[in-house]
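Asker: Line order of the protein sequences matches chains A and B.
Note that my numbering gives residue 98 to position 98 of the first sequence, counting from 1, and the numbers run on in steps of one.
Note that my numbering gives residue 1154 to position 154 of the second sequence, counting from 1, and the numbers run on in steps of one.
Please note: incorrect hints may appear among the correct ones.
As the list claims (entries may be wrong) - Derived CB-CB ranges, DEER-like:
| hint | chain 1 | residue 1 | chain 2 | residue 2 | range |
| --- | --- | --- | --- | --- | --- |
| 1 | A | Phe-239 | B | Leu-1010 | 35 to 43 Å |
| 2 | A | Phe-239 | B | Pro-1017 | 42 to 50 Å |
| 3 | A | Arg-12 | B | Pro-1117 | 37 to 45 Å |
| 4 | A | Arg-248 | B | Gly-1068 | 54 to 62 Å |
Note that these hints are calculated values from the structure, not bench results.
Cβ atoms here follow ideal geometry from the backbone N, Cα and C, with glycine treated the same way.
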Amino acid sequence: MSLADLPLHDMRRAASLDALCGLVSERHARGEATVLLAGGTDWVVEQELKPPRPDADPLPLVVDVSRMDELRGITVTRGLLRIGAATTYLEMRRHPAILERAPMLVEMARELGAIQIQARGTLGGNLATASPAADGVAALAAYDASIVVKSVRGERRIPFSALQTGYKQSSRAPDEVIVAVEIALPPEGSPWIWRKVGTRRAQAISKVALAGIAVRSEDRVVRLGLGMASVAPVTATLFQTRALVLSRPLPAITADALDAAVLSDIAPIDDVRSTREYRKHAAKAVVRGFLRDLGAPV
Amino acid sequence: MKITLTLNGLSREVDLPPLVRLLDALRGPLGLPGTKEGCGEGECGSCTVLLDGAPVNACLVSIGQCEGRAVTTVEGLSDATHLGPLARCFVDHGGAQCGICTPGMLISAEALLARRPEPSDEEIREAIAGNLCRCTGYQRIVDSIREASRERRQAGGAS
Ligand SMILES: Cc1cc2nc3c(=O)[nH]c(=O)nc-3n(C[C@H](O)[C@H](O)[C@H](O)COP(=O)(O)OP(=O)(O)OC[C@H]3O[C@@H](n4cnc5c(N)ncnc54)[C@H](O)[C@@H]3O)c2cc1C
Ligand code: FES
Ligand code: FES
């Protein structure tokens, strides 16, 4: 195991976000890698799993961003919730504004790993690792969040729908730092779901997870966000399913049509945690459950 | 890198490569072997310590990230000659058998009781969900923590 390499890395802190962007970009231009270390709950574990490093391979420079003010904190401004990329899940699930306005995030954070992971792990790390099993990313998909990124070229916002480009690939440039996520909050009291299927163990990665947020007006759903983990090479946004539900009154949604839409939206695989067939079954079941709660006869 | 931190209430300085794991720094140069290593990857909780009051896995935290922060280990819950009341409850109520998970359990329990003086059994189980125990089947650990919370409330909140 290459945990032994850890002490060989140099670590710095950056004086400001601009200084961090400058450092990352300079190094990137020279072909040198920089690791932004937040909670370490992905990166440190990865170091252990890595094969030993050939002596000639340069080590990346590690920059501790876990306490960088510009990447931290939670604010709500005119219905826009902004969460700094280095804010921990524990801070999120205890924050009054999130407790009041984004209960789905509270539930997601409460079920992400155990409390020791929640006290360190961050959305920045979850997004950068970009695992299709990532719970935080699934929740952000459901909120149609924007990802605020910054580099020496300036700051920009990546809408969630334009973020994922392939398995663990994203439209964020390698020298762009994730600064925050922004969520246009649905009206207070909007129905939501957070469901992790197939495991009771706190630490286990889910076989399927569904994040959902809906705004209802009489017998129709007028805004719907869905994000599903572990059913495709990227976090599934269930586009066909959203389109179906938004296209007709709730009483006119049938279980068959809903199941068909879900199946066309996902491409699950067999792996150590579950099978393709089970994942299809679970995906259909959790979406039906949410729609049933919303009042569809499914 | 010189790192200054508050460890169990005392200011300490160490000079270590910044990416040395907090776990190794504690058990080695800082002379506190109470914190145990199980899995080394965040799964078992036997390395749990408090970082500014929150329970974290010391196997995933770098010592360089601890500059200026307060770390509490299991040694900080008792003094040199007396077990703290929480540890005493584990002894009295069968919450510790082989003892490997115990330092981490005690820290997770301490983090809980500091915030929730009267936790439900469900809250206790959630608080220790990241601490694996091969011996007790957990019920006795839950009993020990519930008892500690009762004693603490009777003693007027002091630990
Ligand atoms: C025991 C255990 C259980 C877990 N359970 C779950 C679970 O249930 N659900 C789940 O989704 N995940 C789970 N995880 C994975 C992990 O905790 C999350 O993905 C977490 O969000 C990672 O955040 P971090 O701050 O620890 O990332 P780090 O490990 O600090 O960083 C990960 C990567 O992100 C990059 N990065 C970090 N911040 C930024 C930034 N601001 N800008 C650009 N790049 C950045 C780093 O350079 C690194 O490459 C678990 C992990 C463990 C060890
Ligand atoms: S040794 Fe740190 S969690 Fe297992
Ligand atoms: S007492 Fe042996 S592992 Fe818990």
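Asker: Does each hint fit the structure? Answer for all of them.
Answerer: Evaluation of the provided hints:
1. For the hinted restraint 35 to 43 Å between Phe-239 (chain A) and Leu-1010 (chain B), the CB-CB distance of approximately 57 Å leaves it violated.
2. Separated by about 48 Å at the C-beta atoms, Phe-239 (chain A) and Pro-1017 (chain B) satisfy the suggested range of 42 to 50 Å.
3. Between Arg-12 (chain A) and Pro-1117 (chain B) the beta carbon distance is about 41 Å. The supplied range of 37 to 45 Å therefore holds.
4. At about 57 Å, the CB distance of Arg-248 (chain A) to Gly-1068 (chain B) agrees with the hint of 54 to 62 Å.
The structure does not agree with numbered hint 1 stated previously, though it agrees with all others.
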